[in-house]
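K.L.:
The lines below spell out each chain.
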Amino acid sequence: MSTDGSAGGPGQPRGTPSHTPRRLALLALAALVALALSVSFGASGLGPGDLWRTLAGEADPATRTILLQLRLPRAALAALVGGALGIAGCTFQALLRNPLAEPYVLGVSGGAAVGAVAVTVTGIGIILPWTLPLGAFAGALAAMALVLQIARRASPGGMDTRVLILAGVIAGAFFNAIILLLLSMADVESFRSAIFWMMGNLSASGWGSTAILAGLLLPATAVVLSLARAFNLLSRGEEVAYYLGASVERVKLIAYVAASLMVAASVAAGGVIGFVGLIVPHAVRIAWGNDHRLLLPASFLAGTAFLLLADTAARIVVAPAELPTGVVTAVAGVPFFVILLMRGGRR
Amino acid sequence: MKRAVGEGVASADWRPVLRGDGLAYTHPRAPQPAVRDISLSVAPGRLLAVVGPNGAGKTTLLRLLSGALVPQAGQVRLDARPLHKLHDRLRARALAVVPQSESSPFPVTVREMVGMGRYPHLGPWERAGSLDHAVVERALDRCAAGHLAERQLARLSGGERQRARIARALAQEAPVLLLDEPTGGLDLRFRMELFHLLRELRADGLAVLVITHDLNLAARFADRLLLLDQGRARARGTPEEVLSGDTLEEVYEWPLRLVPHPGPGSDTGAPQTVPLRKDAADRAE
Chain A
359 MSTDGSAGGP
369 GQPRGTPSHT
379 PRRLALLALA
389 ALVALALSVS
399 FGASGLGPGD
409 LWRTLAGEAD
419 PATRTILLQL
429 RLPRAALAAL
439 VGGALGIAGC
449 TFQALLRNPL
459 AEPYVLGVSG
469 GAAVGAVAVT
479 VTGIGIILPW
489 TLPLGAFAGA
499 LAAMALVLQI
509 ARRASPGGMD
519 TRVLILAGVI
529 AGAFFNAIIL
539 LLLSMADVES
549 FRSAIFWMMG
559 NLSASGWGST
569 AILAGLLLPA
579 TAVVLSLARA
589 FNLLSRGEEV
599 AYYLGASVER
609 VKLIAYVAAS
619 LMVAASVAAG
629 GVIGFVGLIV
639 PHAVRIAWGN
649 DHRLLLPASF
659 LAGTAFLLLA
669 DTAARIVVAP
679 AELPTGVVTA
689 VAGVPFFVIL
699 LMRGGRR
Chain B
31 MKRAVGEGVA
41 SADWRPVLRG
51 DGLAYTHPRA
61 PQPAVRDISL
71 SVAPGRLLAV
81 VGPNGAGKTT
91 LLRLLSGALV
101 PQAGQVRLDA
111 RPLHKLHDRL
121 RARALAVVPQ
131 SESSPFPVTV
141 REMVGMGRYP
151 HLGPWERAGS
161 LDHAVVERAL
171 DRCAAGHLAE
181 RQLARLSGGE
191 RQRARIARAL
201 AQEAPVLLLD
211 EPTGGLDLRF
221 RMELFHLLRE
231 LRADGLAVLV
241 ITHDLNLAAR
251 FADRLLLLDQ
261 GRARARGTPE
271 EVLSGDTLEE
281 VYEWPLRLVP
291 HPGPGSDTGA
301 PQTVPLRKDA
311 ADRAE
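These protein sequence lines are chains A and B, in that order.
If you use my numbering, the first sequence corresponds to residues 359 to 705, in order.
If you use my numbering, the second sequence corresponds to residues 31 to 315, in order.
Derived by calculation from the structure, the hints in this document are not laboratory data.
Honestly, I wouldn't trust all of these hints.
[As the list claims (entries may be wrong)] Computed cross-link-like contacts, DMTMM-like style, restricted to lysine to aspartate or glutamate with a CA-CA straight-line distance of at most 20 Å: (1) B:K115 with A:E607; (2) B:K308 with B:E270; (3) B:K115 with A:E597; (4) B:K308 with B:E279; (5) B:K308 with B:E283; (6) A:K610 with A:D518.
[What the hints assert, rightly or not] These stretches of chain A come out as covered by chain B in the derived footprint (C-beta under 8 Å, 3 or more residues): (7) 454 to 463; (8) 577 to 588; (9) 592 to 599; (10) 641 to 655.
For clarity, every value in this text was computed on a predicted model and none was experimentally measured.
Where is the CB? At the ideal position from N, CA and C, for every residue including glycine.
Start from the sequences and build out the full structure, keeping to the hints where you can.
P.N.:
Following this line, the structure appears as structure tokens:
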């Protein structure tokens, strides 16, 4: 049917997603700029000029090492984690028809963290690094199921938006307590690094964990993107989606699993970073509307750019020390959450 | 052109009869069945109106016929095919539903909303093509909603929003159309326009079932009526057969009188229900 596109004069109305590629290209460019900034700035005083010389092959070995062996892997990790959290947040919002849904607020990140910590404390995760995301995945799925059950039972006659968020936050607090309990057996130094990790820590990254993350994200992202149109239907309600031909239960199951996998992989690689999945999709919604065919990939790219910038800020605001990246996203995200909550309350 | 050809029993001119046989359903924890032993069929080129008091089981019946609820007894079929055996997308190409109401926290434009009707015709990676756009335009025009296409759905009036929702159902290009109280809360002109549209769709060969509280419009526009009371089919047949004073007074528990529509036009003589004063029945005795 794309072959008879010549008929397209009146048949190609405004408002169709023909501007989608341009907007995504714009965001990809923004993500690239954020990547360059992230590699250019840091505690060691090297700047954009050094990045330029490194790319041109004129930099000295020490500069090259700092940029390509220290900053670039970290930036790559931040880029992937940001993208995953952005698109996962958007997915949870579509599935739950809840603009406040987000992996951290729903407790999914917390569940993933419990899984990852459990694998680490038992020593399995240290011998076999790839079991870390597996443990996180199990934790994320269990957390999602638990929170949905609580919310469903606490709000008879349809799931109440605010009850769901409450259940997620409470579950998150519970998971935090469990993690601290598990860590109380650890020595002081691992306790300190674990606390950092619980607030989002992209620093201890080599290429290994980034490669695992990329390997898990690629298929999960492809699956979620293939459901974009079904998400559009679901956001009109499950009954409407069913009437329009969506296989509602199947779509929900696949999407929950894929989104939980994205969150688990991000948490395993970069710790618990909240509110990216809230801020990023909403910024895209406000700018470009709610068509998931654009919204999902745009949330990935914008999440990438956002977390690169947040991580750059985390590294330079208190240099030579650095902040956990999750602190920066929470400082930006909590006010954002409050504004959304108040807007919802007025409706 | 990668339409899921393997499913291709729904050719463009498949005009199935939607049939429900012996349908029964009791909601979880409800003391009474919502629908008990109801059989009906909606044929191409026919308009069936389902009427009855609040709580008579009309919406449950529609949800059974659309597959959203699975009947505890009986079966729904499209021609000879059991509805629940059809793949979801194939079902949505045969059967379009306009439910009573819907809402979303995420605003969409009318065009985006109507475009959703193309979902069952497109594969997961397939982009809407010029055919799909043309179908959406036609559906918008059909419902006199073309000028609303770029507006936000949430900003429309009730009648305009209803037209967009019906346009979305038409964009499914399904031969069977079910509507649940499409005129609820709409003013006189919207109600008349809507029933005129249903009459046109019926003339195009669609099988149309409409749930309505408006006995007078049902009497004028429907080929057949089904009167539900407490989950049972109380009466069925032509408007003249179903709309008898005694039955209606009993079902609605209100005194009323039936008068022929004064005309002019093809609706002349259709039985119009006039509710009387509560004490009118006593005084007549």
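K.L.:
A separate judgement is required for each hint: does it hold in the structure or not?
P.N.:
Hint check:
no., hint, in the structure
1, B:K115 with A:E607, "holds (16 Å)"
2, B:K308 with B:E270, "violated (24 Å)"
3, B:K115 with A:E597, "holds (18 Å)"
4, B:K308 with B:E279, "holds (11 Å)"
5, B:K308 with B:E283, "holds (10 Å)"
6, A:K610 with A:D518, "holds (18 Å)"
7, 454 to 463, "holds (count 3)"
8, 577 to 588, "holds (count 4)"
9, 592 to 599, "holds (count 5)"
10, 641 to 655, "holds (count 4)"
The structure shown violates just one earlier hint, number 2.
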